[in-house]
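Student: Okay, here's what each chain looks like letter by letter:
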Amino acid sequence: MLTGLLLLIPLLFMIVSLLMKGKQSGYVALVSSVVSLFISLCMAFTFQHDDTVQFELNYSWISSFGIHFHLGVDGISLILILLTTFLTPFIILTSLQKETDNSNVFFALILLMQAGILGAFTAMDSFLFYMSYEVALIPIYFICGLWGGENRIAVALKFFIYTLAGSLFMLVSIIYLYLQTPGNHSFEISEFYKLNLSSSQQSWIFWGFFLAFAVKIPIFPFHSWQPSTYTIAPTAGTMLLAGIMLKMGLYGLIRFVLPIAPEAVAHWNTLAILLCVCGIIYGSVIAIRQNDLKKLVAFSSIAHVGLIAAGIFSMNAQGIQGAMIQMFNHGVNAVALFFLIDLLERRSGTRLMDKFGGIASVNKRFAVVFAIVMLGSIGLPMTNGFVGEFLLLFGVYQWNMYAAMFAGLTIILGAVYMLRLYRNVFFGEISEASTSILSMSMLERIISYKLVALIILLGIFPNLLLNISAPAVNKLLNLIAHHSNLSSIL
Amino acid sequence: MTDLVWLVPLLPLIGFIINGLGFGKISKNTAAIIGCGSVFLSLIIVAGIFYEDLGRGGEAVQKTYFTWITAGNLSIDFSLLIDRLSIVMMLIVTGVGLLIHIYSVGYMHNDVGFGKFFAYMNLFMFSMLVLVLGANYVMLFIGWEGVGLCSYLLIGFWYKNREYTAAANKAFIMNRIGDLGFLLGLFLIFKTFGTSDFQRVFSSVQSFSSGDITITLITLFLFIGAMGKSAQIPLFTWLPDAMAGPTPVSALIHAATMVTAGIYMIARSNIMYALAPSTSEFVAVVGALTALMAGFIALTQTDIKKVLAYSTVSQLGYMFVALGLTAYSSAMFHVMTHAFFKALLFLGAGSVIHALSGEQNMRKMGGLRKHLPITFITMAIATLAIVGFPPFAGFFSKDEILTAAYSHSMFLFVILSLTSVLTVLYMFRFFFLTFFGEFRGTKYQIDHIHESPKSMTLPLLILMVLSAVGGGLGIPEALGGKHFLSEYFNHVFGGNTRIQSHEVSHFFEYGLMIISMVLIILIYQFTKQRYDKKVIGKSVEELKMSLWYKLSLNKFYVDELYDKIIVKPLNGMSNFFFNSIEKKVIDGAVNGSGQTVYFLSSMLKSLQSGNIGFYVLMMVIGIVAILFFSLINTITL
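Note that the protein sequences, when read in sequence, are chains P and G. Counting from 1, one number per residue, gives the positions in the first sequence under the working numbering. Counting from 1, one number per residue, gives the positions in the second sequence under the working numbering.
Hints were generated in silico from the structure; no laboratory data involved. Hints should not be assumed to be uniformly reliable.
[As the list claims (entries may be wrong)] Here are the in silico distance ranges between beta carbons for each label pair:
id	chain 1	residue 1	chain 2	residue 2	range
1	G	ASP3	P	ASP50	32 to 40 angstroms
2	P	LEU443	G	ILE33	48 to 56 angstroms
3	G	GLN595	P	GLY22	36 to 44 angstroms
4	P	GLU99	G	GLY572	40 to 48 angstroms
5	P	ILE456	G	ARG56	30 to 38 angstroms
6	P	TYR449	G	SER204	25 to 33 angstroms
7	G	GLN595	P	LEU195	33 to 41 angstroms
8	P	GLU99	G	ASN110	43 to 51 angstroms
9	P	MET401	G	LEU461	50 to 58 angstroms
Using N, Cα and C, we set each Cβ at its ideal position, and we do this for glycine too.
Chain P on its own, in the form it takes in the complex (with noise of 0.2 angstroms):
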């Protein structure tokens, strides 16, 4: 009942929206995005907290091929749903602090992406993650190229297209699997994690999939679409994108890879991990070169994701509960963020490091904010990050301990480009941009102080939602343990 209200609610709303015009069509996606919080936070307090799948829904859809419109929340899709839920105000207000064109298809769009995503997330029939997955998809390809800066169409086409070839390799996956369900076939997950698949089957499913969510997610070197596609985005896009979307990718690491194809999963990890580590590296380098601060933001994007698929590859209960701790924190980070860095362009019209200096002398609530946000994405204890990093290397690390040690470079570098923006951004002498950045508007405060709360609350109370996920994430590491042959290789 509660997961149907939740898909539902964006996709009313979305029409409601469509009806208004400039800035009411945006406070209609905001009242729907509250609910929709609302409607999460009941599923929250009454969740049980054992490895049941709860809040089901399920009715027959396209009967002839076994498709179910089959909906459910285990610990892990409620941790993706509360990240959604809790973003998407944020994201929305963040819109609203400027005036966009056609604002009614603007906000639309967002609320639909939503459905999209919640879809995704509390999918239970793998016909329907993989429709959600693409539904989500189309939105954000008009948000970026109709809404997005310089280049937009030729940025957004490509992003378009290199997901939409990636998942791709998804379908064939899926319908490979559905084929080999036995009976009249079924698009139940549930159903594809008790094939017993040979170590080749299994091989060809894991690429399938690992290319589709390794495009999304994005692991290197399959990361080239998303510097330029979260530059050129509105800032609610690229919110949406870094914050939300590319979760989804993560989540399918969980929800199909693992379980399903196990024994591939060990067999390959190796290269899938070095590739993540390769990322890891990769992106914080550049990112310490960087002078458009959103790029900056970008590529470390690319390393922290990096770590978590790197987590998640590590097969053990560190790695994936980091995984799914970490996902939250950097959806919170990284709107937190962009949040940031969007308050900083609108008022100075400039998002370059060099122009900015001397901001902590002009505006010392913004310096702060921005110093706690700044520490929680550089993993700093008693803030989110910290915790995420620190399981997702541990992981890692149980894993193997020379790719913990090249991951945890990322807490080194992570410093060096942080504390590089910082300094340039807030010391120093005042310049003739930061100037601009006098005062902040309450509403600003009010997005920033949640912001910042979270990140602490979460830095110091982390099994918050560690317990959330904690009983499906063992239940799915019996369920890799129990697999055939797979003992002899761990």
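Once you have looked at the hints, place chain G on chain P.
Tutor: What follows is chain G alone, placed relative to chain P:
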């Protein structure tokens, strides 16, 4: 009081929150009262804990508050450990910390960032207390990174200066390099013992044999962390730069407390280090080399704070030698006496800088003993304490380390003795340049020169007393003393100390004392002649620049070296990745595959030319091909 231990770190945290949220709104007096008061209350509780512990006889108490992180079989508690090691550290941190807070009220009085300063200082106290109180390695790590953050914030306190903020970044990043080592050690501890809880780790580590490879690796990783935090080779260059921060910060963070965190951590892990002789050896050698190198650099520095900074690096090296020799209580003894006299030296230097309106160059000082009598007296005692003149504090602690080195390895003993001589040289040079001779500064400075206010001189006097008598806690048996401190620490270090001080003959100890005394007096005469002149022109400082002089003055070119082999290549790599790999290779491949598809489709498109003749031809070719292949098939079958 032991039940109130959670308040010890919490009170400064509350102080931080109040001063932090209210900066600009809270008056300077209130900010000072909150800042100092919270530390004072903590100190009272610590004193109570110390007293109760004496009654308990040194038994460790662990308090667990809540489970912080759970993931799989990994569980990390938010818990505090009270034993004699943490009690001594707490006493040092809150005691010296309180004095420095009080001093700061006077020192920072005209600074616009007064409230912010106290907020940061309190945050530092919180982190440092978590560091020494944490009952597991992760708690220690929280404090460890926390003090690193405060150090960053306070080095860059005057953030308008680009150089200062560069120093702040450098400190944080170098510490993070060490922290990665710490983290890896932490992971290996988890992997090996399934927990990072001190008591559980140390009880299960006893089943390992000496020289076990895992333990060696753990201790090595942890030592990398200590190298960063305690500024040892090769991660020491941040500490001298860290002098960019206000002087009380240098005294508290970069001399008395934070930089000794590495020593604390190894002393805490003493059981593991005792089982890893090769790591211990390594620790001792790194410590000795650092001590020598830093002492040598300190000889030629002209910035009053830089001399003291290199001196700190050098003294930390001493402590690591003691740790490496498994003389843990000697290391802690030196941590303590060093906290007294080095804090005093920095605060005294601060008093001088304050009096001279911000002047830090010793060449522009001189003759200050007449103008700053209290500062002069206290600094004189501090200098005697650090050079190890009996009966001041440094003599006893340094004597212990030298004795331990002598009984273990001649190599270490020679290096440390050499360093002692260097210490005496640079300290007397510092002392004479500052307080003797003629004043060499500007007229403006001499007109405005003044002894510091009471809030600054009072901490100086208290620290002077501590520097004078602090050695009493560890009077060696040779002098008929009873070593209180090593007995006090018996619960913590117990049987892990390989070298007992009574192994060395009393004769040696007497010899050592006499020789060091004679040496100190000789060097005193030498430096007095050299620096206590009416006029110190450029002539003395700009003697022929010998190679050694240049090396010392330029700090062995380590910064330049790091710039060449790390900073520049990293920047180059960044540009290369971005301009070549990202734009050409990766994006090129993606765009290339897009263009290939486009090209192929345009080829296919041209097949659909609309020419019927062409279609028929294609059809015929197709049919022939099919027939041909089916023919081949039937033949091969």
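Student: Each hint: holds or not?
Tutor: Checked hints:
1. G/ASP3 - P/ASP50: 32 to 40 angstroms: holds (37 angstroms)
2. P/LEU443 - G/ILE33: 48 to 56 angstroms: violated (36 angstroms)
3. G/GLN595 - P/GLY22: 36 to 44 angstroms: holds (42 angstroms)
4. P/GLU99 - G/GLY572: 40 to 48 angstroms: holds (43 angstroms)
5. P/ILE456 - G/ARG56: 30 to 38 angstroms: holds (36 angstroms)
6. P/TYR449 - G/SER204: 25 to 33 angstroms: violated (45 angstroms)
7. G/GLN595 - P/LEU195: 33 to 41 angstroms: holds (39 angstroms)
8. P/GLU99 - G/ASN110: 43 to 51 angstroms: holds (47 angstroms)
9. P/MET401 - G/LEU461: 50 to 58 angstroms: Since the Cβ atoms of P/MET401 and G/LEU461 sit about 53 angstroms apart, the hinted range of 50 to 58 angstroms holds.
Comparing the model with each numbered hint stated earlier shows that hints 2 and 6 do not hold.
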